[in-house]
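One-letter residues, chain by chain:
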Amino acid sequence: MTDERAVGPVTDAESVEDLLDGVRDEGLAGYNYAYLDEHTKREVRRGVLKAIALPGHQVPFASREMPLARGWGTGGIQASLSLLGPEDTFKVIDQGSDESVNAANIRRLATRTADVETTTDATEASVIQTRHRIPEEVLDDEQILVLQVPITDPLRRVDGSDDANRQRHAHGNYSKMWVALYENVVEYGEIKLSSRYPVLVDDRYLMDPSPIPRWDVSKLDDADNLFLFAAGREARMYAVPPHTDVEPLAFDDRQFQVERFSEQACEYCSSEDTFLTEVETDDGNRRYACNDTAFCEKRQTDSELSKAHHREGTDHAWGPPTDPNVPYETDGDREEHRTADASRGEEE
Amino acid sequence: MGYVAVEAGEDVIQRAEELFEKQRVAGESEQVSVEQVDEQFTRLTAQAMSEGGLYAPRLAAIAVKQAQGDTAEAAFLLRAYRSTLERWGSSTPTETVDSFTTRRVSPAYKDVPGGQVLGATKDYTQRLLDFELTDDDGIDPTDDWDVEAEDPPQLRNVMDVLREQGLVHDPAGDSDGGEDESTDETEPFDATRDPVTYPAPRSAILQELARGETGAVTALGYSELRGYGQVHPTLGEVRTGELPVTIEHPYTGDEVEVTSATVTETECVVPIYEKSDDPQFSFGYGLVFGRNERKAIGMSILDAAIQLDGEGPAQDAEFVLDVVDGIDSFGFIEHLKLPHYVTFQSILDRIRSIRERTTAASADEAPAPREVNADD
Chain A
0 MTDERAVGPV
10 TDAESVEDLL
20 DGVRDEGLAG
30 YNYAYLDEHT
40 KREVRRGVLK
50 AIALPGHQVP
60 FASREMPLAR
70 GWGTGGIQAS
80 LSLLGPEDTF
90 KVIDQGSDES
100 VNAANIRRLA
110 TRTADVETTT
120 DATEASVIQT
130 RHRIPEEVLD
140 DEQILVLQVP
150 ITDPLRRVDG
160 SDDANRQRHA
170 HGNYSKMWVA
180 LYENVVEYGE
190 IKLSSRYPVL
200 VDDRYLMDPS
210 PIPRWDVSKL
220 DDADNLFLFA
230 AGREARMYAV
240 PPHTDVEPLA
250 FDDRQFQVER
260 FSEQACEYCS
270 SEDTFLTEVE
280 TDDGNRRYAC
290 NDTAFCEKRQ
300 TDSELSKAHH
310 REGTDHAWGP
320 PTDPNVPYET
330 DGDREEHRTA
340 DASRGEEE
Chain B
0 MGYVAVEAGE
10 DVIQRAEELF
20 EKQRVAGESE
30 QVSVEQVDEQ
40 FTRLTAQAMS
50 EGGLYAPRLA
60 AIAVKQAQGD
70 TAEAAFLLRA
80 YRSTLERWGS
90 STPTETVDSF
100 TTRRVSPAYK
110 DVPGGQVLGA
120 TKDYTQRLLD
130 FELTDDDGID
140 PTDDWDVEAE
150 DPPQLRNVMD
160 VLREQGLVHD
170 PAGDSDGGED
180 ESTDETEPFD
190 ATRDPVTYPA
200 PRSAILQELA
210 RGETGAVTAL
220 GYSELRGYGQ
230 VHPTLGEVRT
240 GELPVTIEHP
250 YTGDEVEVTS
260 ATVTETECVV
270 PIYEKSDDPQ
280 FSFGYGLVFG
290 RNERKAIGMS
300 ILDAAIQLDG
310 EGPAQDAEFV
320 LDVVDGIDSF
330 GFIEHLKLPH
340 YVTFQSILDR
350 IRSIRERTTA
360 ASADEAPAPR
370 EVNADD
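In the order they appear, the protein sequences are chains A and B. Going by numbering that gives the first Met the number 0, the residue at position 312 of the first sequence is 311; the numbering climbs one at a time, nothing skipped. Going by numbering that gives the first Met the number 0, the residue at position 41 of the second sequence is 40; the numbering climbs one at a time, nothing skipped.
Watch out, some of these pointers could steer you wrong.
[Said to hold, decoys possible] A partial selection of chain B residues facing chain A, derived with a Cβ cut-off under 7 Å:
id: 1; residue: 326
id: 2; residue: 349
id: 3; residue: 356
[To be verified] If you want a taste of the chain B side facing chain A, the calculated C-beta under 8 Å gives, among others:
id: 4; residue: 331
id: 5; residue: 341
id: 6; residue: 353
Honestly, the hints are just simulated from the structure, not real lab data. By construction, the Cβ of each residue, glycine as well, lies at the ideal position given by its N, Cα and C atoms.
One chain only, chain B, in its complex shape (with noise of 0.2 Å):
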């Protein structure tokens, strides 16, 4: 029976399922513990979250560990999850300056409102090996610091310094035609509960971006800056910070804090002026969850470029929106995988009768290879 195709039954899939859960165990070392992963990985468990559209450090710890660190397997299992969750309600909107901001660099100026605040970063960190990780000796070297309880730094917001002058165009004034969906601050649109249709709302191509897969969102956002675009922004600031979440109490109706998050926001300008007779930057925008700046660099690049409606491929909405979702676009790349032999006998087929015709008609000529269109 060595010739039936790719065939089985259900207990060779629960074998399948052992041998990849085998992977994770059989090593000699203990296992990493959830707890582990939430503490330590901090950046898989954000992107994770992130892509996802959940934030849930617990869960998402649970399917690092289970998805033995592919990130995008992860984030697949935290949305499973979570598209079996009802939606009670949305929270209400909050100011990033009232965030507890653990980081914040503003390019645009050399000084800002607050301070520049550099945080925690590798970023001038010469990329060497740690080869002294071997031995962790888990010593903290900022124990010997001598740092003074302060308030949380509640931040200025660079943008607004812009604003307060006009210079920055406010995307919430544009309408794409018809009814203003974006100034309706009531109720923004939600991908996770209705299909977005094109010309799709700001809010549902901010939230799409917002759940894009991280190299998705990074290498579209690069290909406005590489010259398939124009978008070249300066960073009005980069923050992250624990960003408070309110809701409105059921019963006495007052905003009341549940809980923080932990995101990263950008707020860009682009030189490319929307009107000219009352020269206005290009604003971009982007927050995801965790710490991932370069995704929410590469969100507010594609958020300016959408805007802007031009020919670079970042520039339309529809192909980005299309393709940034690493979920759908996992899936249907593996999806390949599957068993394809009754399309792929309908394309011996047409190949075979196309080459006989050519045959045929040119006997003395031999027939050109022609591509047939696999396209399922």
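Chain A extracted, bound-state conformation (with noise of 0.2 Å):
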């Protein structure tokens, strides 16, 4: 199959030293525009089509080598190139950070290899590729949203094997899942889950939706706009569309929690809805910061500004606690929660 396709020399170099020749030139003169050859990206592009006509499944892609190490968003910088064109905006995020150094990196092959525009505003990018966050700013159905995957399979935590848990997600089997998280309710007294926490879409296949904190797990339910989540040394990709059901894990009396910041608020902007990071400093005190460090700018300047200000006739924003529809627990309604706890065991 692999080798009807037709598709011209990737370079017209005559020599492995003018090639080299190429690769030494600031554009990359040599490779082929946005790096990958037209074959692969089409091969990516078809994985996108399958992933989002089956949200949340793992759809298999012949991941490619990338200039970049395996692990640094090497699946997401194969899908994002294959999706850009000249006329695109990219954005790329790292923890939060457009200035990081890998979100850099990844920036800089992208302005050199596919010549787009970037941009830090997450409003005014058509294309995001992130690691582990989802920008505070609600998406929109323009944009596509991509998320750098290290781990695919949210069975992984209960067994290795990939052949396995495949069948597992056949025959939609998620009982040893259901079990672990029931054993971490008796061990723990609730859910020990961090990051990563799995999630059912559209009531079908359980998904990872990569590193991302439960803060940003609601904002996958009921999008507007198309996230795509790529892992390049898995070789595999997938995708929840725009307005597909999104539901974490859970049980009755063990409601999802997301992370709790006890009524801080970011040191720069002051808000108080967004997630923030901690950090220790050399005085030995604790300060809070916004993670999303471009929404916190503009918060900086007008510190009302919501985080659908930028989406007309509707002020509906996503994520804790600004959306009415996500629980956001206060310390209160914890201390209520314990009370009960404590008294049930008590009848016990």
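Could you use the hints to bring the two separately framed chains together as a complex?
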């Protein structure tokens, strides 16, 4: 099948030396537009279409070696480069930051080979590649969020074999995962999974949403934008198309919980409705700051800015605690919960 | 701003690259030329080609020089370059007996057809540091040898002797159930073009082993010998030589030799019988680019072990193939250097929450430290 393609040479260099000269050029002459050859990009796009058609299902694709180390976003960059055209605006974030070295490196590859405009503004980008975060600002139906994935299968937590796990997915047999969560509750009183929280997509496939914090999980549900997940090392991709039901696994008496910041606010913009990360300072203090640095900068000039400020006609923001549909437990609620637990314990 | 974690821009990356490059050129001695690497560090370039899955000695020499001798990095450079190239076609299958053999030893027999050819090896040399290398006079120790020009030896394959006696199991006759992929000789699986799923055809397993990281292939093969498996093979032969690469001429249809590749090949038999009514040796095969005997032997052990499909760790094809690739493992191991503060914040939230709960539940009992999973 792979031999039937008819694709022209990727380079018209006369010799290896010419080719090497090309590599030394700033614009990566000698390489195809957007680095990958056209056949590979077509293959990746076919995988993307299949992934969209089967929400949450892991589609194998022949992942190529990229000029980035495996595990550093090679799946994401293959998906991005296959989708990008010269008209696109590209944003890259790594753990919430546009300025992280790895994000800068990926952005540099895209600008050098695909000649795209780049931005740090999540509302301006047509394609956003991200590692472990979904932006605070709501994405719309013109945008694609490409998430880098280290581990493709949520069932890997309970069984290392992909062969066995593929059969479980085929049968919709997620009992081992449920038992693992139940054992968590028995052992710790609550589910101890932090990021990479398993979600059920369209009531069919169990999916690893990549190591986004639980804070971002609700954003996957019934979103306007397309989410693409791509893993280069594991050669799998999957998708959550717009307006798909995505539900984190939880029990009736043990609700899904997002990260809480116990009434902390961002050091810079004073936001209390964004995902914060803490830092221990040299003088022994602990401070909190917005993880989404680009949105934090906007909030610093306009502290009232809504996460849906750019979406005319709707003010429906996403994520806790801005989305009224997403439960965000205050510490008070937790106290009640704990008291209830304690009294139940006494009855037993 | 000291407490905003690892952040930098493109200029910082550029400077880091330049510092790395400076390490290579900062010494007082003359720069090593690509030709010198190609001719004098053939083991390094061979390992890079083998793990990179691209036979290109000169490109490998550039990669080794650029990577400052790091074979994993050099193999990675070759692979990343290779992935931008079109695959034009396949060479025709070649018999290794047609190779120009420079070394062939057979541990199975004292004497074999064609004889034992020791070739160039340090196997029987005492491993003493040669301090005379500090004043390398460049004298060729074989200058005064009196060697008559001979035709290149074409050595009969030792394993064929056993095969003729019907003693060796033929893996090509195996079936993984349903369609017998392994007997389809027209088009072997290409893991660089198609993702491997399990059960994988043997051609995919052999390809992935041949591209495996030398240390990983050696270690996993050793695990079988060390007691975590049963494969303790007898090597039919270990061979190094120049293997002709032939293709079908696009116009005439004739087979023409276009180049040759240095390869190391091993065939082994294992006294674990495939069938009790017709006992035959299990068979393992190893072939790697360049001179790398430990990897070829390790590969043959793993091939035999995987065919057994038993309980040992090296007998599980999925386990072996998932961990044997150096590009995958080094990339993911080193990715742990990347910032992880989002995921770590999420982990902190969990451990604090669980500790609070434990403290509240048993106020007079000190909470035991719990393991929190940081598996990303």
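When the nearest CB of chain A is found for residue 326 of chain B, is that gap smaller than 7 Å?
6 Å, holds
Let's test the interface hint: is any C-beta of chain A closer than 7 Å to that of residue 349 of chain B?
With a minimum Cβ separation of about 5 Å from chain A (threshold 7 Å), the hint on residue 349 of chain B holds.
With a cut-off of 7 Å on the beta carbons, see whether residue 356 of chain B makes it to chain A.
5 Å, holds
Please check whether residue 331 of chain B passes as an interface residue: C-beta within 8 Å of a C-beta belonging to chain A.
Since the shortest Cβ distance to chain A is 4 Å, the answer is holds.
How about residue 353 of chain B: closest beta carbon in chain A under 8 Å, or not?
5 Å, holds
Is the interface hint satisfied for residue 341 of chain B? The criterion is a beta-carbon contact with chain A at less than 8 Å.
With a minimum Cβ separation of about 5 Å from chain A (threshold 8 Å), the hint on residue 341 of chain B holds.
The structure shown violates none of the earlier numbered hints.
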